[in-house]
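Q: This is what each chain is made of:
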Amino acid sequence: MTAVGWLQITVFALALLLITKPLGIFLWHVMEGKPQFLSKILGPVEQLTYKLFGVDAQEEMNWLRYGQALLAFSCVSTLFTYAILRIQGLLPFNPMHFSMADAPSWSTQVTPDLAFNTAMSFATNTNWQAYSGESTMSYLSQMLGLAFHNWISAAVGFAVAAVLIRGFSRQNTAGLGNFWADISRFSLYVLFPAGILYSLFLVWQGVPQSFDAYKVATTLEGVSQWIPLGPIASQEWIKMLGINGGGFLNANSSHPFENPTPLTNFVQMVSIFALPAALTYTFGKSVGDTRQGWVLLSVMLILCLAGTALCYSAEAIGNPNFDRLGVETSSKVLGDSGGNQEGKELRFGLANSALFADVTTAASCGAVNSMHDSFTPVSGLVLLLNMQLGEIIFGGVGSGLYGMLIYAVLTVFIAGLMVGRTPEYLCKKIEKKEVKLAMLFLLVSAFSILALTAISTCCDLPAKGFLNPQGAPWNNINNSGPHGLSEILYAFSSATGNNGSAFAGISVNTPFYNTLLAVAMFAGRFLMIIPVLVMAGSLASKKLVPATSGTFPTNTWLFVVLLTGVILIVGALTFFPVLTLGPIVEQFLMHEGRLF
Amino acid sequence: MNELDIITPKKQSRPLFDPPIVKRAIGDAFKKLHPMHLAKNPVMFVVAVGSFITTILLVKNACTGISSAKLLFEFQVTLWLWFTVLFANFAEAMAEGRGKAQADNLKKGRKETTARRELNGNVEVVPATALKKDDVVIVSAGEVIPSDGEVIEGVATVNESAITGESAPVIRESGGDRSAVTGGTTVLSDWLRIRITVDPGQTFLDRMISLVEGAQRQKTPNEIALDILLAGLTIIFLLAVVTLLPFSIYSVRAGGGEVADPFQLIALLVCLIPTTIGGLLSAIGIAGMDRVLQHNVLAMSGKAVEAAGDVDTLLLDKTGTITLGNRQAVEFVPLGGISAQELADAAQLSSLSDETPEGRSVVVLAKEYGLRERSISEGEIEFIPFSAQTRMSGVNVNAREIRKGASEAIFKYLTGRGLAIPSELSKIVTTIAQAGGTPLAVADNQRGALGVIHLKDVVKGGMKDRFVQLRSMGIRTVMITGDNPLTAAAIASEAGVDDYLAEATPETKMKLIRQEQEGGRLVAMTGDGTNDAPALAAADVGVAMNSGTQAAKEAGNMIDLDSNPTKLIEVVEIGKQLLMTRGALTTFSIANDVAKYFAILPSMFGTLYALSPGAQGPLWHLNIMRLPSPESAILGAVIFNALIIIVLIPLALKGISYKPMTAQALLSRNLLIYGVGGLIVPFPGIWIFAQLLVVLGLAPSN
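Chains as they are written, first to last, in my numbering: chain A, 1 to 596; chain B, 1 to 702.
It should be emphasised that the hints constitute simulated quantities derived from the structure, not laboratory data. Where hints are given, some of them may not hold.
As the list claims (entries may be wrong) - If we take Cβ atoms under 10 Å as the criterion, some of the chain A residues that face chain B in the derived model are:
#, residue
1, 94
2, 97
3, 420
4, 438
5, 446
6, 454
Only a predicted model underlies this, so the values are computations on that prediction, with no experimental measurement involved. Yeah, the Cβ is synthetic: ideal placement off N, Cα and C, and Gly gets one too.
With the rest of the complex left out, here is chain B:
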């Protein structure tokens, strides 16, 4: 089953430029030159058309014979224009590369599995791909579950590492919330009778392959809006550049000089249109999906990831997300006249055989009172397990009976033994309950009530800070719990969540979601049970636990393969990072234009209104970067424009650095880096390339 242990992103953290992925991406970059593919991206399409035109003109000029210096310039412009397109394609291919590599592994692992299908009482062996919905199959230990389905009979341990990367086996049984099984996972022990719930080609594994491959990727709403903006800017700059031809003809007519030639115009156009963001836009989107996958979350669409960034309200399940999941003993509160030591001793004795997390925590806490683990011979001791009738557990040591349990049960026990119920006891019990804890009374048959164990939900470390961060980002957290309002309020205030929903039922959850959405807020939640399905479907971002039911998984728009509800917060952060990366690179791209103007316009119009033919005219004064020659200036700008795409690929794939802070702070920070930075960086960048070209003899020095 190791060969099935394939999608384990946590274990295989790939370097950004993994050689096989790079190799494949280079090939793909050329394949993506297909016009049908280019047409999807208006900005790069214009660049490709421009490159095509210059190529034709280059061939024509080479045939008709122009000066070799001019031909060298035109060749370089054409070459770099093609590189611009290729670099953008490469960026997209790189982003897809990781997913594709994963998909390949999945496909490789999806070997021809066979299934034992029950048909009219007979069992026949068929290929897994032949299974249809509602077929019933039997899978025994060591066999691979052939397709997605629901257990209708049997209990078995299943290794789901093929899907989740988690090697610890899980139990799957008929009925309840643990009945869903996934194709490609392996039964480790026992056997299962499974009713297949999907048709071939639609299994979870199939969907996962197509998702990681990015085959079904559709542009997200935000991406479409950005595409429109970029297309609009492209048209505006196209207009500005195309009209320059008549204006330059007019100027030549008026004052002499050279009319702008197509190579210069196309170079200017390509430099002005937002090629940086245009080339990286789809890579950013794919990489965002991929980052979610790295966290072992399968997003069913890019839209869901994007929506995660917009979330205003997070509904978090208390158990497992906010608290550690189990109550723990935090304090022994003895009654008057009883030492804490004595109470701890009794509590520990009564819990020695209690294997529940609560019981273990009592033993652990007692050690802090100097009570080491003791060896007790079986003869003198009798453990009384918890029973639903008495609602107590305990131990009999010789004649001494020690009992612990809910306060009412202990009251009953004491009354039954004719022992007094001290008023102090009920007081302690009430105090603990009001603080959100669970009181567990301890008594013995000799001295009566001894004291109370304070069991408490323990809030996970670091959660409080996390909620503060979320609040600064404008996200409200709501804790969902089945606890009573008193307990819920106490935990909510300890964890620092903004609000809580106590005694939550699927109906109240649903109501809360509707209420938030009516107020214009976007809601994210996690869920696993079938009764969570409606709420998961209603939420804007619904993360279903992989351990959950099929219904829950189908209702959500993301599936967490690790079934870790805390991940919702990470998903939100990835969504935000995705949007921020887009915004930052858009701003950077647009801010870049200023410098390019100062490189290309003086070069294009440098000869206009010159005092003598061939001399530099007044507009060469606009060459504020002091670039050596018109050719070096134009080429410098075009090369900078092309290479910046490559330079920014890591940023596009990893996303810009994300720190939770208020929008105002984020804006100032990103504006400084990407806005002001985008304004400044191209000046030295173009200058360096221009100088380099002159040094290499690829452009004239004046």
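Chain A extracted, bound-state conformation:
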């Protein structure tokens, strides 16, 4: 660990705090459909869009209507992406002839299960990739099939958060806003201008934006090598800002074409957290007490920084076995001396790798700038837990906020009784229905991660079979012992949390994993959105109870501590047993000199 490393982490946190309020205010205007500085220019486009699709943007939808619109929209867009991926060989912008008769020998076929898995992955804002972008996807698939989904799935997440916010801020109403207006406004006023500026910035820093075919280069060793190109910048920005994480290239943000400079690395990390952080402020402003928003942000930041600190120190301490063997591990990148450099991009060093890894898993991004598989077991534990908590530490666009709010509701219910009143959160009584929905939300997540991982560790399949040619699903892992368990667990945690990063070390492009992981992604997205929408409907129909000195206070440091405690106890205790058999035992074994 170095002072410079800690300084970078501190600067990152400060930058985040700095943008939270202005961006939060802007998002509030967008959410409420209030005029802001872009309305003059883009307002007519918004109206034109509504006219074009015959949408009445003023129509207030109840939770059911809203949910129907959301699911129908996501369903159609998923099928659209599935179709594009399946027929990419017939479509233009395919200079490398993927999925065509004369496709390169190193290319991967887009099988139905891979297309299904990928379509589901992008529709759910997960961006789990069972393929390598540069050897599988045509430019059109990348742009229209995938980047398009990165965009709209972020808008859908924002819409759900907006609905839950309205549930708290409105009273005696069934109206929760208009789905079409919400996604249109967010796309038009937030993503569109951000996309233009952000991709220009990336191009300036050296990210390619090209429709040319890949270049062939001859390396120093005299071997010829493909240099992949493509419209990378225009996909890179939404990958970060939309918290999608699906790289254009397999190496993701560790590749110089996706993440060329320290500056892009810093901006990418900040842009992962930007929208979820700002949404906490938007939320506070909507419920009329910005401290409520800062409380949620504090909890997120505390959990994130604690994870980063643990990760960074574990990586800096590194693997004791190297010292025992007398191997020199010190590299002088950014002053790092020693530590676990395996799988790290030396351009970024330990601090930025640990921070990026923690940020990308705490938010449901999943972009990576280092190999998570190569982190020390303790760091792996942090990354796993980040996802297993339900992607609430900043989380996805919108989904982080609504997940955190579900935990807040639960905290208020568990501890709120201690002040001798029926629990209230933000002047809304938390009753039977809310508790039921909050528990359902947690159950979906726990069930998807634990049950599907369990199936993959115990259900034997015939070798060379259709489902899994390797036979039993645990044969797909490259590492044995606890590390192998972590790999399977990571896959399902990542899919359920809609994170999309991979621990790697596991071959998941088989019908068995593609399907099961798609189920996990679906559950982690839509089965969790439904209880949120129902809860928003229930809350909006309730009266606002005036707050008194007898009301459970939720805008204080005490509540920050309480909420953090409940997240750790309820969330973490669920996964502690399985983590014991994964990273925890691996850490002990590492110290005994046994590696996997």
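Please arrange chain B on chain A, whose structure you already have, making use of the hints.
A: Frame of chain A; chain B shown alone:
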């Protein structure tokens, strides 16, 4: 009638662990093992199913023959799992026990009463149980009123101690607010003609028996919500534990060791699911109802008690709640030229025969001016009682006439006698009225006006502090009074209530309730008259006075048997205490889990990835409590988990200590005790049990 004097909770403060109740509760704990009963409580149902499975496995293992050490461990796990269920049942039975004991007494006392029923002009003797609605009965002195009804003729004194525990007789008469009589009470003097108002089985006594018995107890909304939370947590932990089996099989395949066995898994499950709160939840609810009953308030449902905890606005009747009920003389204000002594003397003389509380207070106050009671021979003195015409009372001592009365009446008296009305008099009168007091002018026929007696509503001692406490809890108090706004404002400010409703009528009361409820606030009030019934029904918590009319009693959701309106505040406190107890034990229960993980997981997985078969593997490092052996660790956790239910029974029954303070302060305090405490306590607890087991030879030492 002494045998009817049965429900007098104030007099018989039972100890918490009353031997007969404990004895009965132990029996009930076994009866409650019935699956139908267990199914009502998801958490304990899971424990029972777990115990059942381990029992079957235990029998199977005993038959197939495994090592005796292992069998001893498995036997103990099974035994303690059953104890966990039994302890929870016992807690519930204990909570029900007091009510049941009371109900038994009530039933015992409800002997076969007979009634004299009028039918077509004839009077026939029938059993009380045969009485139907609208039958008319005659009850004479010494007889027990056979059923609930309304007096249609007669006036009588009635001993209602059977219901209220209050031995002072009350008057019941036809018409007005004192016409309701209750079955089981006894007529002491005179006779009554009563029209029966209920059908058999629905009398107040019947309802009371079923209420104290808890037979009709339904889960309250909050309890249901908590049940859902606990069930949800149970499912999550079930998932976490069930999936451990494949994970442990995987790990054994990878690194050797022993697969987690069902006894360990079930022990882990039972320790993780919130058994503490799950086992005590219904006991807390029943005990809350019971505590209300100890205060001699009959709550018609647990929901009402719970709602009391949520109340935001208390509507309190001025008379009897905030003030002592009667005005009292607090000061003599003489006119210029008259000494206070003289005024006091005149006032006392005029009040000597005045038996009203006001009159007596004048005599008492005069004593402070050195005027002792004097003996006056009847001959020289003539008392003039208060009359509605003159609106004065007074005394004639020889030729001297002393009069006291409302200022207008005295003005009239003075004018009639041709005496001057000093301007000072009206000034004093106005000053007193503006301060919220009642001025009573005193004059005689010799010197004219003497001065004014200042009568004042006296605020009960300690009420002001009480209102401050209520305010800190976020509860607004509104004083309801028939007084004019001026008087009301003065008393309100003296008593320290937040608001007042002056010149209150049933309509304005109702309007106030609606207004508060529209603002999202919950309202509690007391009432007794028939015209209070709509407001009592509309209020979220309506406490009817037992002395009140039948209509009022039916409209409210609680009945105060002592007819003491101040009790509303206590009911609110009990409601809050009930919710706090639930919250505290839930937090405690969940916080407990951390320690149990550190006892059971290392024991379960201690052999995985061991360097040599049979040795301790790396996960035994997680045994941070340094428990002697895996068996002692698991048993220690299971025993702690079971016994903590017993340890917390007193807390569940009495409720956690309650002090009025702000929510923020309450939260910090309870969080420290039950949250942080819940995190820490199990560590030494489990350690002690584990060591004890080793010492007793019930678990291996390593």
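Q: If a hint holds in the structure, say so; if it doesn't, say that too.
A: Consistency of the hints with the structure:
no., hint, verdict
1, 94, "violated (42 Å)"
2, 97, "violated (42 Å)"
3, 420, "holds (3 Å)"
4, 438, "holds (8 Å)"
5, 446, "holds (5 Å)"
6, 454, "holds (4 Å)"
Of the numbered hints given earlier, the model fails hints 1, 2; all others are met.
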